[in-house]
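Engineer: Protein chains in written order, with full-length UniProt numbering: chain A, 1 to 506; chain B, 1 to 506; chain C, 1 to 506; chain D, 1 to 506.
Since the hints were derived computationally from the structure, they do not count as laboratory data.
Computed from a prediction, not measured in an experiment: that's the story for all the values here.
Don't take every hint at face value.
Identical chains share a label here; the pair holds if one copy fits it or two copies do between them.
[Said to hold, decoys possible] Below 25 Å or equal to it, Euclidean Cα-Cα: the simulated DSS-like pairs (lysine-lysine) are:
id	residue 1	residue 2
1	K307	K335
2	K500	K462
3	K335	K495
4	K243	K500
5	K335	K489
6	K222	K365
4 protein chains.
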Amino acid sequence: MNKKKYNVDGDAGRKAQIQFADQKQEFNKRPTKIGRRSLSRSISQSSTDSYSSAASYTDSSDDETSPRDKQQKNSKGSSDFCVKNIKQAEFGRREIEIAEQEMPALMALRKRAQGEKPLAGAKIVGCTHITAQTAVLMETLGALGAQCRWAACNIYSTLNEVAAALAESGFPVFAWKGESEDDFWWCIDRCVNVEGWQPNMILDDGGDLTHWIYKKYPNMFKKIKGIVEESVTGVHRLYQLSKAGKLCVPAMNVNDSVTKQKFDNLYCCRESILDGLKRTTDMMFGGKQVVVCGYGEVGKGCCAALKAMGSIVYVTEIDPICALQACMDGFRLVKLNEVIRQVDIVITCTGNKNVVTREHLDRMKNSCIVCNMGHSNTEIDVASLRTPELTWERVRSQVDHVIWPDGKRIVLLAEGRLLNLSCSTVPTFVLSITATTQALALIELYNAPEGRYKQDVYLLPKKMDEYVASLHLPTFDAHLTELTDEQAKYLGLNKNGPFKPNYYRY
Amino acid sequence: MNKKKYNVDGDAGRKAQIQFADQKQEFNKRPTKIGRRSLSRSISQSSTDSYSSAASYTDSSDDETSPRDKQQKNSKGSSDFCVKNIKQAEFGRREIEIAEQEMPALMALRKRAQGEKPLAGAKIVGCTHITAQTAVLMETLGALGAQCRWAACNIYSTLNEVAAALAESGFPVFAWKGESEDDFWWCIDRCVNVEGWQPNMILDDGGDLTHWIYKKYPNMFKKIKGIVEESVTGVHRLYQLSKAGKLCVPAMNVNDSVTKQKFDNLYCCRESILDGLKRTTDMMFGGKQVVVCGYGEVGKGCCAALKAMGSIVYVTEIDPICALQACMDGFRLVKLNEVIRQVDIVITCTGNKNVVTREHLDRMKNSCIVCNMGHSNTEIDVASLRTPELTWERVRSQVDHVIWPDGKRIVLLAEGRLLNLSCSTVPTFVLSITATTQALALIELYNAPEGRYKQDVYLLPKKMDEYVASLHLPTFDAHLTELTDEQAKYLGLNKNGPFKPNYYRY
Amino acid sequence: MNKKKYNVDGDAGRKAQIQFADQKQEFNKRPTKIGRRSLSRSISQSSTDSYSSAASYTDSSDDETSPRDKQQKNSKGSSDFCVKNIKQAEFGRREIEIAEQEMPALMALRKRAQGEKPLAGAKIVGCTHITAQTAVLMETLGALGAQCRWAACNIYSTLNEVAAALAESGFPVFAWKGESEDDFWWCIDRCVNVEGWQPNMILDDGGDLTHWIYKKYPNMFKKIKGIVEESVTGVHRLYQLSKAGKLCVPAMNVNDSVTKQKFDNLYCCRESILDGLKRTTDMMFGGKQVVVCGYGEVGKGCCAALKAMGSIVYVTEIDPICALQACMDGFRLVKLNEVIRQVDIVITCTGNKNVVTREHLDRMKNSCIVCNMGHSNTEIDVASLRTPELTWERVRSQVDHVIWPDGKRIVLLAEGRLLNLSCSTVPTFVLSITATTQALALIELYNAPEGRYKQDVYLLPKKMDEYVASLHLPTFDAHLTELTDEQAKYLGLNKNGPFKPNYYRY
Amino acid sequence: MNKKKYNVDGDAGRKAQIQFADQKQEFNKRPTKIGRRSLSRSISQSSTDSYSSAASYTDSSDDETSPRDKQQKNSKGSSDFCVKNIKQAEFGRREIEIAEQEMPALMALRKRAQGEKPLAGAKIVGCTHITAQTAVLMETLGALGAQCRWAACNIYSTLNEVAAALAESGFPVFAWKGESEDDFWWCIDRCVNVEGWQPNMILDDGGDLTHWIYKKYPNMFKKIKGIVEESVTGVHRLYQLSKAGKLCVPAMNVNDSVTKQKFDNLYCCRESILDGLKRTTDMMFGGKQVVVCGYGEVGKGCCAALKAMGSIVYVTEIDPICALQACMDGFRLVKLNEVIRQVDIVITCTGNKNVVTREHLDRMKNSCIVCNMGHSNTEIDVASLRTPELTWERVRSQVDHVIWPDGKRIVLLAEGRLLNLSCSTVPTFVLSITATTQALALIELYNAPEGRYKQDVYLLPKKMDEYVASLHLPTFDAHLTELTDEQAKYLGLNKNGPFKPNYYRY
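Given the sequences, and given the hints that come with them, work out the whole structure.
Structural biologist: Structure follows, in structure tokens:
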């Protein structure tokens with residue numbers, strides 16, 4: 001299991017260690033091509049990173065009793081759940097209602113599928129962040145006919161009020177903010193290990209649920225029709241299993257769908273880089289010199305936003321094709337060393353490790369801001385800054401001044417972890433795309449005629465990718481053009497898509 | 001053979017008809033999925049479109065004698081060529097020298113490969129546009145060790161001075177501006193049908209050379225190591241042959257390489273839409289309302305440029321994913337009907353047919369400009385405008401006013417043919433990328449160990465695509481970062497690339 | 001006195017009423033051309049608006065004793081000050097030191113003027129927001145030779161820690177966060193009414209200090225060399241006094257200097273509109289439809305930022321020249337009614353009143369966000385929303401949902417008050433420009449030979465405006481070109497400026 | 001008289017020298033602050049610069065007879081004109097009709113003023129470029145009731161066909177392309193020196209007409225109600241006259257009106273820099289490094305356009321305020337020397353002289369493009385390139401390669417004269433704004449009650465500036481918002497404007 005999951009903001013000492021002696025191996029192996037993961041960096045890295053934006057709304061006076069020790073019933077008398085405080089349900093319901101307004105695609109799915117119930121008979125066990133948006137997904141799955149049981153994929157990210165609201169409306173939810181490691185697995189187990197109920201679908205984010213079933217209840221896979229996995233890490237685990245010939249049901253990789261990729265990375269980062277920098281530093285972007293390391297989708301988004309706000313942006317790249325794109329988009333392509341002394345901000349988006357080294361940090365000018373938009377917490381060699389001659393000063397939440405003996409300070413954001421996860425919020429719109437993709441993947445796997453999917457990892461069919469996109473167009477009051485019969489024939493296309501070959505780059 | 005090739009600007013009546021009774025079939029069949037071609041629209045459509053920007057520099061007093069009837073010798077006494085006027089060589093040489101300055105990648109290839117001569121022994125027969133840039137390519141191939149014979153792929157596009165310069169320096173070139181159809185095939189035949197010389201490589205643009213050898217000298221393929229094909233049309237023919245099991249040598253599709261695609265379409269069209277509109281209409285972009293039909297790479301380029309110049313841009317799309325991209329990029333997605341009455345400019349970039357119909361044209365406002373940046377000449381239903389009640393007035397080269405009975409005029413550019421080919425120039429930089437790709441493809445095919453390539457159509461290996469990009473970086477004084485050993489290991493990558501998986505979208 | 005000053009966030013009922021029977025008139029009269037004020041909207045409207053971003057750093061357990069009742073001494077034994085808690089000085093000092101790093105122009109002034117002490121002998125009484133940036137200004141004035149006494153211009157904006165740090169280092173400061181109205185005037189009086197010390201310069205923000213001296217100590221003006229006024233409101237009062245013939249010393253209007261205007265409005269709002277919207281709503285900008293009312297500097301900034309982030313922006317204007325600029329910049333110019341049903345966000349930047357009426361609000365679509373970047377709190381008719389049939393729901397700080405009987409919600413930010421003041425921070429860079437301008441204006445007035453300035457309101461000489469700009473260039477590592485003698489002669493300019501005629505528009 | 005007027009493209013040797021011994025002085029004196037002129041650089045510099053874009057449409061076989069020696073009559077029998085060839089009238093008429101479609105403001109003026117004829121009785125003598133757009137202006141003046149007589153203000157800029165069309169429809173026009181200097185003054189004299197007709201209004205562009213009347217017919221000024229002057233040079237002359245106390249009628253400076261300034265410079269140059277560079281060099285902008293000297297309106301336009309097209313732009317400035325704007329807009333502010341070795345393009349927009357010196361030119365890299373968008377032909381020290389060691393090679397119209405002994409070439413455009421005038425076209429929209437302003441200025445001066453205007457130089461009243469803008473809004477289907485009575489009162493404004501104080505910067 002990935003240790004990073006239990007990192008706590010700014011507290012490297014509280015790392016949790018959980019050991020499973022046996023089957024842990026195939027999950028734990030160092031991925032041989034882990035860098036590739038950065039190419040499809042996903043918001044779902046949240047499952048393996050700390051998560052600071054999950055604020056609680058009502059927990060002013062903390063209740064110290066563990067939820068596991070409480071006796072709680074919802075208003076219908078059910079006690080098949082475990083949440084912090086069922087009484088917070090009303091507040092959580094309002095959050096869910098607000099989220100519903102911003103997730104029109106799921107709401108449309110509910111409406112369209114109301115008659116046919118494409119998930120009738122589906123028994124879905126889920127393990128994801130538990131937020132208002134997840135709640136909208138779960139209630140949509142319910143409306144489509146599925147039964148659901150749910151645990152959290154991260155010990156810190158659960159919104160207690162939302163969990164309460166779900167429990168109140170009858171969902172067996174087992175999650176609260178601040179679970180211990182033992183709690184974490186206990187909750188997962190409570191979802192799976194139920195008398196008289198056995199899941200036939202898995203929705204996972206990070207692979208822990210899948211792992212647990214593999215380890216504890218391998219026989220369960222006989223009835224399971226498929227796994228839908230959302231995170232980079234979880235997808236990686238599935239490919240490992242598949243390579244090892246151990247994957248025993250079809251799995252859908254929803255992380256690499258076009259819609260998710262382009263929107264999650266390019267468009268979302270275009271906004272979150274500004275948001276993250278503003279909320280932490282209140283800096284003015286105009287006239288600032290910035291170097292962005294890496295010109296993939298994330299780097300492209302960061303560069304576009306900062307250029308638009310009047311920053312002067314330099315780019316570093318290892319790939320000559322992306323480098324040429326940077327040139328054509330109007331950015332000077334440099335090596336980091338060439339500009340490190342002059343820039344006001346350093347942003348990493350490479351998916352690589354040690355892109356910013358101690359040597360670079362030594363040469364930065366006073367007040368230089370350093371942050372990471374890329375992969376996990378490897379890109380900036382933060383460890384190299386934890387030496388006696390440097391003083392760390394926490395000036396705000398997520399903002400440290402690291403002070404050199406000569407008085408030079410650099411401003412390190414989120415201790416080198418992902419700025420956009422730590423210091424900005426993820427727009428509901430992006431979460432909506434992800435949730436819709438998950439729902440469609442579940443429907444596809446659940447309803448696929450036998451034989452369509454083997455015991456392998458699949459991408460969402462392009463037609464479904466297009467369908468997810470189409471469900472989000474009404475948000476923008478966008479009107480799609482339809483092909484005439486004559487045109488469809490001329491193009492050799494079905495009028496309803498798919499419209500592009502698989503290799504199309506968008 | 002594609003009839004469109006012989007269309008003359010504004011003269012639908014001079015269409016040429018050339019018939020080959022037998023094997024013509026597999027070239028002529030209506031492509032079943034021809035629309036896909038638009039996804040990879042290429043500058044090489046020039047081979048199937050008219051080509052107006054190829055101006056002659058010195059032909060002030062036209063010489064009426066056919067080059068085929070002339071006796072010409074170059075200064076070394078050779079007469080193994082057929083050009084308009086060998087005396088124009090000096091002027092052509094200057095053009096080539098200017099082009100050399102803008103094609104640093106080919107010049108670098110010459111330098112790097114000077115020692116090893118990777119094309120030593122290669123006998124290349126080529127059929128492309130004959131321009132200064134082609135000359136730089138040919139002389140590079142020569143410098144790499146190859147022998148070349150060359151014909152033109154279009155009866156109008158040859159720059160006579162450049163052809164003369166090539167002939168003067170010893171290249172057997174058979175081409176002039178204004179060939180008849182008979183001349184066209186005669187020239188090709190003169191390249192192929194030589195005593196004591198047989199080609200072992202083909203460089204084709206449009207497939208006519210390949211077709212001719214298939215038809216006339218099928219045995220020649222025994223010695224041919226491969227075909228490099230540059231155009232959409234030619235690539236399509238090759239795939240047809242391959243499907244039909246008739247492709248008897250490996251072929252390299254250089255049209256779909258990343259570098260070419262993204263640069264040729266996105267970046268090049270971003271500039272040529274402005275250039276084409278300015279040169280034809282002198283219009284001001286600021287404040288104009290424009291509808292762009294299609295948001296593929298070409299549409300993206302057009303939209304970005306016009307938005308930057310202060311136009312208000314609407315987009316139409318059939319594909320919900322591209323549609324969502326248009327939304328996120330800040331364009332209103334509409335159906336053409338919704339805005340047709342209000343826009344000042346209509347631009348098609350769909351690859352589809354009849355996107356702008358007579359009905360649309362009837363509803364446009366006075367002075368509306370209509371042009372095509374997409375595919376061939378099918379997008380605007382120009383034929384529907386050739387009716388008695390409408391008056392056509394040619395107001396400038398490439399600009400027609402079509403006048404309705406009530407006095408309304410629309411401004412039709414290039415008679416609905418490709419604006420960027422007809423009314424703007426193609427930057428040498430783009431041609432340089434294409435030519436470098438062609439050279440590398442020839443080297444790859446010629447030197448590949450037996451068995452690497454079968455009798456199939458291949459894409460350029462990604463590593464070579466990256467190499468083409470890297471050769472163009474010095475133009476921008478761009479400095480690529482190199483992976484450390486540690487980083488390469490972490491990423492599971494070779495330090496010299498390829499850096500991305502094949503499905504990467506850039 | 002302006003009643004709005006004492007508005008409390010979200011509490012319209014706590015308006016303070018302070019009456020000065022006699023001379024109040026010339027301050028209170030409805031300005032006849034108050035709209036003009038919007039043309040030069042300034043951050044200094046903060047003095048008449050609420051101010052939420054002034055967070056306290058250390059006041060966790062509130063001390064209920066009034067500072068006026070406390071006996072405090074700084075470490076040097078002085079008790080000539082009145083602040084919340086002198087023990088917070090150290091924390092405040094750190095804030096000041098951080099601010100110093102971002103105000104290089106003032107630091108440069110300190111250095112350059114260290115020798116000559118241009119303010120030697122100056123006795124400055126000031127009344128401004130008391131923040132870290134103000135502290136840097138005050139300590140700069142001290143370094144230039146001046147003696148200073150200071151009060152707050154707003155009862156909520158004082159940072160207690162900074163006030164403590166100033167008191168600790170010997171500045172007689174009379175200010176704390178949460179003054180009563182009586183406190184407010186008592187503090188001002190303590191600055192002015194000192195035995196053995198009489199001010200000869202006034203630095204005011206809002207005009208209250210000036211007003212107090214006029215009312216209570218009119219004889220003091222005999223020794224006063226000039227007033228430097230920063231706010232729109234204060235400047236307006238001065239022009240009223242001047243028109244009425246009652247201005248008895250020269251006054252410098254630093255609000256309308258070029259540097260302040262263009263940077264404060266255009267560049268600052270370009271960033272703060274994004275920041276304000278993100279912090280309050282976490283919305284995604286891409287694809288959103290926005291209408292911006294007013295295309296002055298503020299509107300231009302908002303439009304540019306939102307367009308760059310992928311929003312579709314409409315503009316309303318009353319002035320045909322600004323309207324034409326909007327067109328040329330690529331925005332559809334509409335009447336609010338035309339788009340009110342379709343937009344996702346409404347932003348006012350007009351300086352006008354009732355730009356968004358109840359009728360507009362009734363027609364907005366569900367979830368429409370409404371906010372004000374313009375003038376005071378007049379632009380949106382918020383009062384019209386306080387009717388029984390509408391439900392208000394406070395969903396976050398500064399965010400209200402106003403709910404119609406049919407369930408439609410609009411999202412009202414900052415209750416219609418200035419979004420950028422209430423929900424985003426003001427970049428130090430902008431405050432630096434303002435503070436530098438104030439310092440230079442004080443130097444100019446204090447050192448001006450008699451007769452240069454009459455009893456009138458003056459703009460900062462253009463040369464000083466240019467000097468302020470030049471002091472900020474090093475921040476950007478920007479290198480100014482110097483005229484050669486020959487060029488200066490050719491242009492008829494002094495090599496050191498001023499470089500432009502007064503009417504130059506920038 | 002300004003010698004530059006007679007410069008011929010590319011032929012410095014054919015400068016004309018015309019001497020008026022006496023009164024020449026006040027026109028010829030070196031302006032003491034001539035640099036200021038660059039601040040309001042105008043398209044009307046065309047009157048003192050060469051003018052290449054005025055192509056002739058029908059003059060294929062040149063007629064060598066001087067128009068002065070020809071006997072021509074229009075179809076109504078009048079011979080009160082002198083043009084190249086009255087038979088070209090029909091072609092010219094079509095050009096005028098096309099221009100009418102793009103000058104809706106003048107057409108609207110015709111309509112609105114049809115009833116009242118505000119120029120009834122006006123006898124206007126004009127001296128401007130004679131183009132289709134001028135013709136629309138003249139015929140509008142006629143429709144408003146005026147009688148007009150017209151000469152050309154530039155010996156090369158007359159469109160013969162348009163002059164013929166005007167003559168055919170009854171306007172006494174005296175102008176042709178390629179006048180000698182003697183012809184030039186003869187034409188002007190024929191406009192003024194008519195039996196039984198005496199002008200009461202002057203419309204001048206460059207001041208030559210005004211000069212001639214001053215010199216030859218000073219008594220005429222007794223009946224003249226005013227002068228409307230369009231060019232920088234002419235305006236400068238008028239201010240000189242005014243200062244010298246010799247201006248004997250009111251004059252209107254239409255060059256410095258807001259609408260003209262911002263649109264002519266910022267928006268027009270934003271487009272013409274791209275157009276001029278493309279037409280001359282076919283270069284690709286993406287990735288190019290460019291230095292723009294000067295960040296006034298013209299520089300701002302150039303920088304914005306090139307940045308949008310993917311160039312990397314550096315800026316040089318002497319004015320710290322404009323410099324700071326460049327920083328905030330995202331451009332590195334440098335000294336020319338810092339980047340001269342690395343840039344691909346150098347563009348001057350300063351209004352200064354010798355901004356690019358021989359020393360700079362010596363250090364540029366091979367293929368560097370140098371051009372001038374600023375003032376006259378002084379900015380680049382082209383004279384310094386006319387030395388024996390450098391070879392000039394004309395590679396295209398307006399494009400010279402200057403070749404250093406080591407083979408380095410720089411690409412000099414338009415020989416250092418204005419790129420936008422020489423190598424791109426001026427959008428009709430901009431000419432429409434100018435012509436409308438001229439018409440309104442004539443109406444204003446002609447109808448002003450006695451005493452409103454003294455013998456001085458005036459700017460167009462702001463209200464008229466706003467009116468010009470409002471007449472152009474319908475082109476963009478732009479809908480202006482009207483103030484309510486309540487709002488107008490609140491703002492202290494008249495509902496019909498003017499809406500801004502005079503110092504407003506836009």
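Engineer: Each hint should be assessed against the structure and marked as holding or not.
Structural biologist: Here's how the hints hold up against the structure:
1. K307 / K335: both (19 Å within a copy, 22 Å between copies)
2. K500 / K462: Both. Shortest intra-copy (8 Å) and inter-copy (21 Å) distances satisfy the 25 Å Cα cut-off.
3. K335 / K495: This pair counts as between: shortest inter-copy Cα distance 16 Å, intra-copy 48 Å.
4. K243 / K500: Close across copies (20 Å), not inside one copy (29 Å); limit 25 Å.
5. K335 / K489: For K335 and K489, only the inter-copy Cα distance (20 Å) is at most 25 Å; the intra-copy one is 50 Å.
6. K222 / K365: Neither. Shortest intra-copy (60 Å) and inter-copy (50 Å) distances fail the 25 Å Cα cut-off.
Hint 6 from the earlier list is the only one contradicted by this structure; the remaining hints agree with it.
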